[in-house]
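Chemist: The listed protein sequences correspond, in order, to chains A and B.
Quick note, the first sequence lines up with residues 1 to 311 if you use UniProt numbering.
Quick note, the second sequence lines up with residues 1 to 311 if you use UniProt numbering.
Bear in mind the hints are in silico, worked out from the structure with no lab data behind them.
There may be inaccurate statements among the hints.
Pairs involving identical chains hold if they fit within one copy or between any two copies, as the list cannot separate such chains.
What the hints assert, rightly or not - No farther apart than 30 Å at their CA atoms in a straight line, the calculated lysine-lysine pairs in the DSS-like style are these: (1) 171 x 129; (2) 69 x 309; (3) 301 x 7; (4) 66 x 309.
These numbers come from a predicted model, not from an experiment.
Read off the chains here:
Protein chains: 2
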Amino acid sequence: MENSLMKELVFGHKNPDTDAIVAAKAFSYLQNQLGADTEAVALGTPNEETKFVLDYFKEPAPRIIKTAKNEVAAVMLVDHNEAQQSVDDIAEVQVTHVVDHHRIANFETAAPLFYHAEPLGCCSTVIYKLFKQNEVTVPAKLAGLMLSAIISDTLLFKSPTTTAQDEQAVKELAKIAGVDYETYGLDMLKAGTNLGSKTEEELITADAKSFEMGGKKVRIDQVNTVDLNEVFAREAALRTAIEKQNKENGYDLFLLMVTNIMNSDTRLLVVGEPQETVAKAFNVKLVDNKADLPGVVSRKKQVVPPLEKAF
Amino acid sequence: MENSLMKELVFGHKNPDTDAIVAAKAFSYLQNQLGADTEAVALGTPNEETKFVLDYFKEPAPRIIKTAKNEVAAVMLVDHNEAQQSVDDIAEVQVTHVVDHHRIANFETAAPLFYHAEPLGCCSTVIYKLFKQNEVTVPAKLAGLMLSAIISDTLLFKSPTTTAQDEQAVKELAKIAGVDYETYGLDMLKAGTNLGSKTEEELITADAKSFEMGGKKVRIDQVNTVDLNEVFAREAALRTAIEKQNKENGYDLFLLMVTNIMNSDTRLLVVGEPQETVAKAFNVKLVDNKADLPGVVSRKKQVVPPLEKAF
Chain A
1 MENSLMKELV
11 FGHKNPDTDA
21 IVAAKAFSYL
31 QNQLGADTEA
41 VALGTPNEET
51 KFVLDYFKEP
61 APRIIKTAKN
71 EVAAVMLVDH
81 NEAQQSVDDI
91 AEVQVTHVVD
101 HHRIANFETA
111 APLFYHAEPL
121 GCCSTVIYKL
131 FKQNEVTVPA
141 KLAGLMLSAI
151 ISDTLLFKSP
161 TTTAQDEQAV
171 KELAKIAGVD
181 YETYGLDMLK
191 AGTNLGSKTE
201 EELITADAKS
211 FEMGGKKVRI
221 DQVNTVDLNE
231 VFAREAALRT
241 AIEKQNKENG
251 YDLFLLMVTN
261 IMNSDTRLLV
271 VGEPQETVAK
281 AFNVKLVDNK
291 ADLPGVVSRK
301 KQVVPPLEKA
311 F
Chain B
1 MENSLMKELV
11 FGHKNPDTDA
21 IVAAKAFSYL
31 QNQLGADTEA
41 VALGTPNEET
51 KFVLDYFKEP
61 APRIIKTAKN
71 EVAAVMLVDH
81 NEAQQSVDDI
91 AEVQVTHVVD
101 HHRIANFETA
111 APLFYHAEPL
121 GCCSTVIYKL
131 FKQNEVTVPA
141 KLAGLMLSAI
151 ISDTLLFKSP
161 TTTAQDEQAV
171 KELAKIAGVD
181 YETYGLDMLK
191 AGTNLGSKTE
201 EELITADAKS
211 FEMGGKKVRI
221 DQVNTVDLNE
231 VFAREAALRT
241 AIEKQNKENG
251 YDLFLLMVTN
261 IMNSDTRLLV
271 VGEPQETVAK
281 AFNVKLVDNK
291 ADLPGVVSRK
301 KQVVPPLEKA
311 F
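My request is simple: use the sequences and hints to build the entire structure.
Modeler: Listed below in structure tokens is the structure:
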């Protein structure tokens, strides 16, 4: 990894989840150890789960930025690459580094860059491998943050995105951090399902990502819960909030994935058009705009690819 | 790097140069050592320089393919990522791995993948680093091929794309291959400048790449020589051939870079429109569609970025 001398910002995607926050902190730390001058920032406030993680390891939340060009000429992206998931003025700064574990789309540079992506369950696992390759030691607190991100992204290894390398990384990081990752991990995941205190608008925004598919603006949000019924008791209000967002932001289609983290099933609420493309993508019949998707927990691996294909 | 069990093809860009041919052979060898089932192929016949390299190290030229889907479901790209530089049916196969040293543009996947790019002078240098990371030994013959690619891409370290890592890689590979890289390298570069036997159409095609800039189709070719006058004695015929290609292929703008590898200067011949964007990009006045660009030898680093910016 070659480093420039000018300060750069490092950040994950909008509506940051635990990995987006942690991967930025981890990659910024690694880059600074290698001689760069970087600061980890975020494109939004930490969610409930991430707050639990930051409190547990006594780590401050990152500074939030709305634009980058007013501060720096160059940036490093973690845990995303698609422009619509990045900082609003991403086109006006140079991207020098990307570390990611997603598909590549709607991403373009004018010059060569460092880009490292692997199809692993979590971006923090990819970054952990970069620490090893560069022979940089992971401090105990950062190890705790990184294992939290991996547990979050893999739902404690229940997600089909989980690889042997993610599990191995958590085990190694748990030793450095000195935590019982199974007990801690379940507490952390449950902290993220505290939905009662959230408005409908918060629920449909917190983990939402935008995609362009077949010329349509598609929005996909995921809510983790331990009780599907608790969420669907608010279905009418959720629909109203989604319809409002679709109209205000020009989304053609909104998919709300409500995922039960205890049994790894998802119930889908689909607002907008084309509904039949969603039905085709998952080979299901939508009843009252809803469908159960048993065993589906991963937006990246089980929702985006079939939907992309159906479009 | 995770590997699948199905056979995959590995290839570099259209109009292959030495790096495109060699990087495919090197990455295919590495992947096979790691347990994958791959075959290195090419999207065109080796040029004069590459023929010299393959003859010197007694390595057969790779099989040439026109399409991929008739053979495999998945492919690995080296030394390129832009769709218009890849196999014609690239959209119909899955890209599982990319190793590159160029900008990223016009590249999109539906699923996560292994993507490793670094801003180094040669893709074969990036691959050499992957051999080291994976603790796989480079065989002597492959070492000779890889140092040839690095010398080719960096013009024996004269190109501004050259990094300390490219030089170091050549020195280490030369020890493995048992060659005097300086003497061999100059012989190899000169072999690539044997232009007298080539038609104008061959000259403007051999190393040409297509780009989309500001909605325009831009074609950029580079010809290496030891004597600019030898090439520009054929200017009228070259213009006619370029005008014919622009018309037939819908190129709006064609830049022919004629590069003197002895003193690292380029003379540009610009056919098509907008001419003023080219003048602005390089801060020069085009006289009779030509401009001298002292010290310019790299399309990737010294031509594409300023042109992209001007558009």
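Chemist: The structure should be examined with respect to each hint, and the outcome stated for every one.
Modeler: Going down the list of hints, with the structure as the test:
no., hint, result
1, 171 x 129, "both (14 Å within a copy, 27 Å between copies)"
2, 69 x 309, "between (36 Å within a copy, 17 Å between copies)"
3, 301 x 7, "between (35 Å within a copy, 22 Å between copies)"
4, 66 x 309, "between (33 Å within a copy, 25 Å between copies)"
Comparing the model with each earlier hint shows no violations; every hint is respected.
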